Structures are given as C-alpha cells and as structure tokens.
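Chains L and R are the protein sequences, given in the same order.
For the first sequence, this note's numbering gives the first residue as 4, with consecutive numbering after it.
For the second sequence, this note's numbering gives the first residue as 4, with consecutive numbering after it.
Treat the hints as calculated values from the structure; they're not laboratory data.
Note that the coordinates shown come from a computational prediction; the quantities given were computed from them, not determined experimentally.
One or more hints might be untrue.
The list makes no distinction among identical chains, and a pair is therefore deemed to hold if it is satisfied within one copy or across any two copies.
[Unchecked claim] Heads up, simulated DMTMM-like pairs for lysine to aspartate or glutamate below, C-alpha to C-alpha not over 20 angstroms straight-line:
id: 1; residue 1: 33; residue 2: 115
id: 2; residue 1: 139; residue 2: 128
id: 3; residue 1: 139; residue 2: 78
id: 4; residue 1: 33; residue 2: 88
id: 5; residue 1: 33; residue 2: 78
id: 6; residue 1: 33; residue 2: 58
There are 2 protein chains.
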Amino acid sequence: MTTPRRPPRTGFLVSQLGAFAAARFAELIKPAGLTPATAGVLRIIAMEPGLSQRELATRLGSVPSRVVVLVDSLEGAGLVSRTRDPADRRHHRLDATDAGRRVLGTLRTAAETQSRDILEPLEPEEREAFSAIVAKLAAAHGLDPDVHTGYGRKDAGDAARG
Amino acid sequence: MTTPRRPPRTGFLVSQLGAFAAARFAELIKPAGLTPATAGVLRIIAMEPGLSQRELATRLGSVPSRVVVLVDSLEGAGLVSRTRDPADRRHHRLDATDAGRRVLGTLRTAAETQSRDILEPLEPEEREAFSAIVAKLAAAHGLDPDVHTGYGRKDAGDAARG
DNA sequence: TATTGTTATACTCTATAACTATA
DNA sequence: TATAGTTATAGAGTATAACAATA
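Using the sequences and the hints, build the whole thing.
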C-alpha cells in the first residue's frame with residue numbers, strides 16, 4: 004500500500020460536523036418558532052412568491068402531505084399565507100407575509116452566527132479556504148441550502164441511486 | 004458593513020454536505036444490514052470489549068432503552084454477544100463476535116468509498132487541505148466519529164446549552 | 001434502597017393511501 | 001377522468017416511565 008496508516012475518517016467527520024452545524028442552527032432559530040425544515044420552506048416561498056404546494060413538494064423532493072404539515076406550521080405562525088388561485092381553485096398560492104419577511108432577517112442573523120460558531124476554531128486563511136472548498140463540494144454534489152428533507156439534493160428523485 | 008454581499012451560507016452548506024455524507028454511508032452499509040447508528044455501536048464495542056450497556060449509553064449520550072434496541076439489532080445479526088457478568092449478574096458484557104470483527108473490514112471499506120465519493124470533485128491539494136481542516140474542526144468541537152445519536156459530541160450531556 | 005437492563009408507552013418526523021374539491 | 005390539496009394511517013427513530021432482576 005502507498006498511503007500511511009491514517010484511517011479514512013474524513014467522511015465520518017463531515018457527517019458529524021454537518022449534524023453539529025444543523026443542531027446549532029436549529030437551536031438558534033428555535034426561539035423564532037422555526038425548525039430547519041420550516042425555515043428552508045419560508046426562504047423558498049419568499050424567493051418564489053405564488054408557488055403552489057405541489058411545486059413546493061417537487062422543489063423539496065418531498066410529498067404533498069408533508070408540505071401540508073410544513074405550510075400549516077408557517078401559516079399558523081402567521082409567516083406564510085395560503086390563497087386559493089381564482090384561475091384554478093384547486094391551487095393554493097403560497098406567499099410570505101410581512102411578518103414572514105421580517106423573520107427572514109432573523110434567519111440571516113442565525114446563519115451568520117452558525118457559520119461564525121462553526122468556523123471559530125480556524126485561522127482566517129483556513130476559514131477562507133474551507134468556505135471555498137465547501138462551496139465547491141456543495142455545487143459539485145448538487146446540494147441546495149434550503150432543502151432540509153433527506154439530504155437536500157436539488158434533483159431529489161434520484162436519492163436511492165448511487 | 005465591511006464585508007461584501009456574499010451571504011453566510013457556509014454553515015448551511017456544511018449541514019447539507021454532512022447529511023449527504025451520512026446518506027452515502029448509510030447506503031453503502033445497508034447491504035450489510037447496518038445503519039450508521041448500529042455501525043458506530045459495533046465499532047465502539049469492538050474497541051472496548053466487555054463494555055456494559057449502561058457505559059455504552061453514556062458513551063453515546065443516549066439512554067439505556069435506546070441501547071437495548073441497538074444491541075438487539077446487532078445481537079440478532081450475530082455481530083455482537085451479550086454475556087452476563089458473573090461478578091455482577093446485573094451487567095451485560097458486550098463483545099464483538101468473529102462475524103462482527105469481519106464486518107469491521109466492510110465498514111472500513113465503506114468509509115473509504117464514502118470519503119472518496121465526497122472528495123472526488125476536489126484537486127489533490129484541496130483534498131489534503133479540506134481533510135486537515137475538517138479534522139481540526141471536529142477536534143475543536145469535540146465530535147466523535149462513532150456517535151451517530153444527536154450530533155455526536157463526546158460530552159453528550161451538554162447538548163442543550165450553547 | 002440503588003443499579004442494570006427491559007418493556008410499555010408516547011412523541012416526532014416522514015411516507016403511503018384514501019378521500020374531497022375542483023377542473 | 002385527472003389534478004391539488006387534505007386527512008387517516010403507519011412506520012422509523014428516540015425518548016420517558018414503569019418494571020424485574022440483582023446487588
């Protein structure tokens with residue numbers, strides 16, 4: 004063998020670091036009554052006003068019944084509105100409310116705090132290098148920061164295949 | 004503000020990358036009848052022969068009833084044995100069987116494949132830099148590659164605090 | 001009485017299937 | 001009949017509480 008005795012633990016540690024990051028973010032947004040899943044949905048709806056629940060399910064790589072639960076939560080908190088589409092009354096248009104848009108600022112602050120907390124042990128040059136490589140890997144693997152279902156691939160249908 | 008318009012998405016992307024890595028590992032060990040949780044437990048038991056379930060629960064930052072389920076699964080698959088401690092018959096000594104030790108090789112191969120798949124988009128120098136920084140972050144945040152409960156801190160009791 | 005492990009139970013998350021209303 | 005959304009139900013995964021065996 005050509006490589007030294009170092010075990011291949013980078014993959015394990017990436018998993019652990021990701022779980023740590025997710026837990027930290029969850030903790031930071033909990034006071035706002037949000038979870039990583041609902042926060043991601045709020046961001047998507049704010050970016051794509053008038054989205055239908057069916058489209059949102061596709062975007063999340065999830066199923067309509069799951070979307071009902073997530074939107075129920077956001078609507079109950081007054082952050083998102085459901086409006087029947089007059090053109091086709093089967094559709095619900097989803098939009099962020101004023102309160103929902105204000106919460107986006109809170110989410111941004113939480114994301115900044117999360118990133119700062121995670122990167123805190125590093126030297127400034129290491130932070131730059133790490134952030135750049137993480138961005139490259141996320142892009143190469145097709146990951147979407149707003150999708151907190153499964154493992155967040157943009158083309159969520161192919162999750163089972165290698 | 005002093006920084007440019009770049010959003011602080013490194014934390015999000017670390018979460019997504021971690022979930023992606025975990026899903027890939029889960030997929031790789033599924034044919035062996037293992038999950039990330041049971042694989043981590045098998046590794047711990049192999050490294051610390053004779054561990055009790057109570058000690059394992061502490062090690063995992065989990066509860067005894069959870070350990071029962073995990074050990075049941077490994078024992079049912081013939082990978083781990085429970086033996087009553089003659090000195091104190093309340094304790095169960097946990098040990099990896101021969102089959103369990105053989106599966107450790109499979110786990111190592113899976114971890115190698117997982118790491119290779121994740122790092123594949125990077126240049127060789129980037130891989131080195133990334134692995135070193137991930138190791139530094141994991142150490143600084145007290146993460147344990149065998150703990151797949153919650154977010155895997157070695158001192159699992161303090162999970163709720165910042 | 002205290003400790004180890006187990007069982008019973010419940011809660012969360014997420015999916016499938018059946019159903020309602022619209023078209 | 002086909003589609004959007006909802007409800008009912010079920011299955012993981014993980015926790016708390018009650019319990020049995022042992023000390």
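Hints, one by one, checked against the model:
For the homomeric pair residue 33 and residue 115, the shortest alpha-carbon distance inside one copy (15 angstroms) is at most 20 angstroms, but the shortest distance between copies (36 angstroms) is not. Taking the shortest alpha-carbon separations for residue 139 and residue 128, both the intra-copy value of 17 angstroms and the inter-copy value of 14 angstroms come in at or below 20 angstroms. For the identical chains of this complex, residue 139 and residue 78 are neighbours neither inside a copy (35 angstroms) nor across copies (42 angstroms), given an alpha-carbon limit of 20 angstroms. Taking CA atoms no more than 20 angstroms apart as the test, residue 33 paired with residue 88 passes in neither setting, with 32 angstroms inside one copy and 44 angstroms between copies.
For the identical chains of this complex, residue 33 and residue 78 are intra-copy neighbours only, at 17 angstroms inside a copy versus 38 angstroms across copies, given an alpha-carbon limit of 20 angstroms. Taking the shortest alpha-carbon separations for residue 33 and residue 58, neither the intra-copy value of 27 angstroms nor the inter-copy value of 31 angstroms comes in at or below 20 angstroms.
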